[in-house]
Amino acid sequence: AQRVTQPEKLLSVFKGAPVELKCNYSYSGSPELFWYVQYSRQRLQLLLRHISRESIKGFTADLNKGETSFHLKKPFAQEEDSAMYYCALRAYSGNTPLVFGKGTRLSVIA
Amino acid sequence: NAGVTQTPKFQVLKTGQSMTLQCAQDMNHNSMYWYRQDPGMGLRLIYYSASEGTTDKGEVPNGYNVSRLNKREFSLRLESAAPSQTSVYFCASSEGLAKGNTIYFGEGSWLTVV
Chain C
15 AQRVTQPEKL
25 LSVFKGAPVE
35 LKCNYSYSGS
45 PELFWYVQYS
55 RQRLQLLLRH
65 ISRESIKGFT
75 ADLNKGETSF
85 HLKKPFAQEE
95 DSAMYYCALR
105 AYSGNTPLVF
115 GKGTRLSVIA
Chain X
139 NAGVTQTPKF
149 QVLKTGQSMT
159 LQCAQDMNHN
169 SMYWYRQDPG
179 MGLRLIYYSA
189 SEGTTDKGEV
199 PNGYNVSRLN
209 KREFSLRLES
219 AAPSQTSVYF
229 CASSEGLAKG
239 NTIYFGEGSW
249 LTVV
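For the record, the sequence lines run as chains C and X. Each number in our numbering comes from the position in the first sequence (counting from 1) with 14 added on. Each number in our numbering comes from the position in the second sequence (counting from 1) with 138 added on.
This is chain C alone, in the form it adopts within the complex (with noise of 0.2 Å):
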């Protein structure tokens, strides 16, 4: 079974210090690893994907498969980064929706 564990339920950081949201997976296969973010009062969306590779709003992610680990980066937090962050897996063997952790709540405090 596919599992993702979010360690953290809030962070707190200040203005200009770095951030790192942990995620750790648990899958025997190859997963697809994403990062969605909600912020206050609006819908959840996509912030980014392992496969992509890509540097979104400063964050980056990058996927360890030693670690099993999925951990969300940002080398300098603004007040804007705060809100509900969630890291997501979907198996790369069928057809099954993703599975989220518990979401970790940042707080960047000026």
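Keep in mind the hints are simulated off the structure, nothing from the lab. Note that the coordinates shown come from a computational prediction; the quantities given were computed from them, not determined experimentally. Check the hints yourself; a few may be wrong.
[As the list claims (entries may be wrong)] To spell it out: a stretch of chain C is covered by chain X in this simulated footprint if at least three of its residues, at any positions, have a beta carbon under 8 Å from a beta carbon of chain X; those stretches are: (1) 56-68; (2) 74-87.
[Claimed, not checked] Calculated lysine-lysine pairs in the BS3-like style (CA-CA distance at most 25 Å, straight line): (3) C:Lys87 x X:Lys147; (4) C:Lys116 x X:Lys147; (5) X:Lys147 x C:Lys36; (6) C:Lys36 x C:Lys71; (7) C:Lys71 x X:Lys237; (8) C:Lys29 x C:Lys79.
Glycine residues also receive a C-beta, built at the ideal position from the N, C-alpha and C atoms.
Using the hints provided, position chain X relative to the given structure of chain C.
Just chain X, lined up with the frame of chain C:
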């Protein structure tokens, strides 16, 4: 460009009442989903429809039924609402279930059962 639209946005129900949450997408997507979002529990899949004419249970289907009315619409029904069903419900859609498909979410429906 509406994307995924769900109604109602807010609803208060009494225990035992029934109601249907409506969802429609205008992106010609094959797959649609219903998730619930609860504090500390994240997003949990209730039901999904891989394609028109099919529906499957997700992680937390008990107390819910769904109908894939056509390719555009996917409704979620609570037959006899319980306080444990107080939650924020999100409908979502994607081109399909296969890798590479992005899921697009609606704005959410806030449901309170008293």
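What hints, given by number in increasing order, does this structure fail? 2, 3, 5, 8
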